[in-house]
Amino acid sequence: MMRKLLILVVLALIVLAGGIPLYIQRSYKEEVVAGPSVTDVFKLSKYFDGIKGTIADTDVFELKGAEEGGKTLIIAGTHANEPSAALLAYFFIENLEVEKGTVYIIPHFNLSGSLGPQPGGGFPLYYFVDTPWGEKKFRMGDRGFQALDQWPDPDVYVHYPDGQLLSYIDARNTNRSWPGRPDGYLAEKVSFAAMEMIRNEGIDVVIDLHEAEAMYPVTNCIVAPEKSMPYAIGAAFYVKGREKFENHVESSPAGYRGLSHREIGDWSDAYPFLLESPGVHLDQITAAKTPELIIDGIDPFVLKAGEKGLLFVPYDENGFSMDRRVGQHSSVIQEILSQWTKKNPDRGFKVSAPKHADIVENGLGFYFKDPSEADEDKVFLQ
Amino acid sequence: MTLIMFLYYVMTAYVVGMLIWNFIKTKDINSEILYALALLPLILRLLRMR
Chain L
-15 MMRKLLILVV LALIVLAGGI PLYIQRSYKE EVVAGPSVTD VFKLSKYFDG
35 IKGTIADTDV FELKGAEEGG KTLIIAGTHA NEPSAALLAY FFIENLEVEK
85 GTVYIIPHFN LSGSLGPQPG GGFPLYYFVD TPWGEKKFRM GDRGFQALDQ
135 WPDPDVYVHY PDGQLLSYID ARNTNRSWPG RPDGYLAEKV SFAAMEMIRN
185 EGIDVVIDLH EAEAMYPVTN CIVAPEKSMP YAIGAAFYVK GREKFENHVE
235 SSPAGYRGLS HREIGDWSDA YPFLLESPGV HLDQITAAKT PELIIDGIDP
285 FVLKAGEKGL LFVPYDENGF SMDRRVGQHS SVIQEILSQW TKKNPDRGFK
335 VSAPKHADIV ENGLGFYFKD PSEADEDKVF LQ
Chain E
-2 MTLIMFLYYV MTAYVVGMLI WNFIKTKDIN SEILYALALL PLILRLLRMR
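These protein sequences, in sequence, are chains L and E. So for the first sequence, the working numbering puts the first residue at -15; every next one is plus one. So for the second sequence, the working numbering puts the first residue at -2; every next one is plus one.
Next up, chain E with everything else stripped away, as it sits in the complex (with noise of 0.2 Å):
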């Protein structure tokens, strides 16, 4: 894995712990489903499946 590749993944962690964050604040319905499907391409890449 090159620097940047690292530094791609660190990146996506941050704001895959940021939506999280967003999500257990909001007390919005629809912003909690955004953040969730937001959500979902990122975890797939920090898990490695996609």
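If we strip away everything but chain L, and leave its shape as in the complex, we get (with noise of 0.2 Å):
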């Protein structure tokens, strides 16, 4: 009997001592400083009230200029343990000045994917930018739903409404979902959410943000459908020629079902384009998860598969530091618009944040706000 208690005091201890973090963590708000340019936040169930009260209803920031123009919805998180993502849309809440048009911004299109990181893949609770006025705590969250929020997983998924059979892990994926259903899985309403959003406010531009391996042949990029192709090739050239970066182009493919990038150009009006940045702490080979590897992005492993060719971006001893993801995505976000606007004026845009070089030279944290010094009404929890 003495045996049966100490066992079962042992297992409890297990199940305090890892189930209580990651309760906390579920529980953990990260904060944002709505900017300037901040003009209202809703909620995504303003489009479609069966996400309404549910994990999958998430804040949506509008940032309207004062000139009427064209549209633009920037979705954040779909797959949380690419942060690199929700760093961007934060910098734009607090930093985007709009003039003309009005940008949305979904800083966690996948809510429940941010509140814990992928089972078994040893990635820390949080990671931490250090800024001017003390270190600022995020959550590191997981690809697709939580199976807290999403149980249990069919033996496969089949893409609503091609059929397409797919893995059983995608029927959680935020971007295996698109177009959505209405009665669908949780990622499905949620996907269908954006659809019913960028059909009734005419969304012209659509931008995924994520992160990919290094060892992954489609990272460093942006990828694009046809119609958004000469968008794409346009910001790959200006942000190659102008701000020295590289930032080649991939084509959606048209068999593959269920991605942004093809699904949102083929069910609307929008023109859709992902971008990815590398984030080598997703690569398989890393040494310890830690939130260095994710905040740095230097690896000597990944720098040993460099130097035996292994990899698709470059990549040396400085690693791929958040502040060269962010800072890409800013120049390139920036740049799809420039070259929008330059084709379709009146449906414009001019907006303007610091780019690559600025945040590489002063770090992303120098650009976020405190919290405990702005307006009540302006700190936004997520």
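Here are the simulated lysine-lysine pairs, BS3-like style, with alpha carbons at most 25 Å apart: (1) L:K(-12) / E:K22; (2) E:K24 / L:K(-12); (3) L:K48 / L:K362; (4) L:K30 / L:K48; (5) L:K13 / L:K273; (6) L:K121 / L:K339.
Interface residues of chain L toward chain E, partial, derived using beta-carbon atoms under 8 Å: (7) K(-12); (8) I(-9); (9) L(-5); (10) I(-2); (11) V(-1); (12) G3; (13) L6; (14) W135.
Since the hints were made in silico from the structure, they are not lab data. Think of the CB as a built atom: it goes at the ideal place given N, C-alpha and C, for glycine as much as any other residue.
Two chains, two frames, some hints: make the complex.
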């Protein structure tokens, strides 16, 4: 009897030691200070009440310029283990100036995924950005919806409406769930809500932010379908010429369904783009998945892979830092909107925010506002 | 929570109950440890920690 009791005590300790940090992380809120261009903050369920009150509902920040123009939707946190996306969203919410047009930003499109790291992935629960006023803490998330929120997984995920058979795990993947459906999985419902927003608001440009492994060919790039291609090529060309960083263009495959860069363009009048920056913490071969690895992007094993020609991005001992990844996203987004405006002046944009060189020089944290110093009504918990 | 998700929680609770019952009944230390290990992920799910 004493032995059984001892085993149960050990079991309880393991459950508490492992479970409590996860439970605390799930309720931890990130803070963002609304910048001068933020005109409204509302829930995505405004466009589809089927997600109202569920974990699939998420905040949308509206940045409306004084002059009428086009509308763009920036989606971050589709895969919550690709943190430069959410950080770019926060950076834009706090710093983007919008004079013409409207920019909508969703920091955590897959809010459920942002509430816990990948099971078995060895990732830390949090990562940190240094700022002039201290360390800013963020949740490390997972690629898909948490199984806590969408369970069980099917044996095979059947994409709607094409019927393409995808991996069971992709039933929780908000970049295989487009265009979504109102009565499907939660992941499909949140995509459907975004499609309703895109269609009802008349969104012109949709930009979905991601990170990818350095050993994966679709990284450090803009993925675009046929109709978005001229703008993507223009943006890639200009950032290389003006800002001296590589960001090639990949064609969205027509036969691979459920992805934002394919379905949004097919099911609405919007022009979709998907941006990938190189997040080496995602590579399988790295050393320990530490908060520092997420921020610095420095890893000896990835460096060795680079020496053997196994990487698809230029990589040296300086790594691929968060400053570079967020900087690239900032520059490429602004260049896509600039290219769009040249060809569609009536639906154009006039926006500005620090770009790649500024962010690399000053550090991303330089641009984050101190929530404790901000007006209470400007601070939003995510 | 969908109906099917609720039913999965009910099934998990049932399996947890059976594992605890077997844990109490067995006199073999290896089986006791095995039942305890098998309980771990199921308890985390029931408590909605993981």
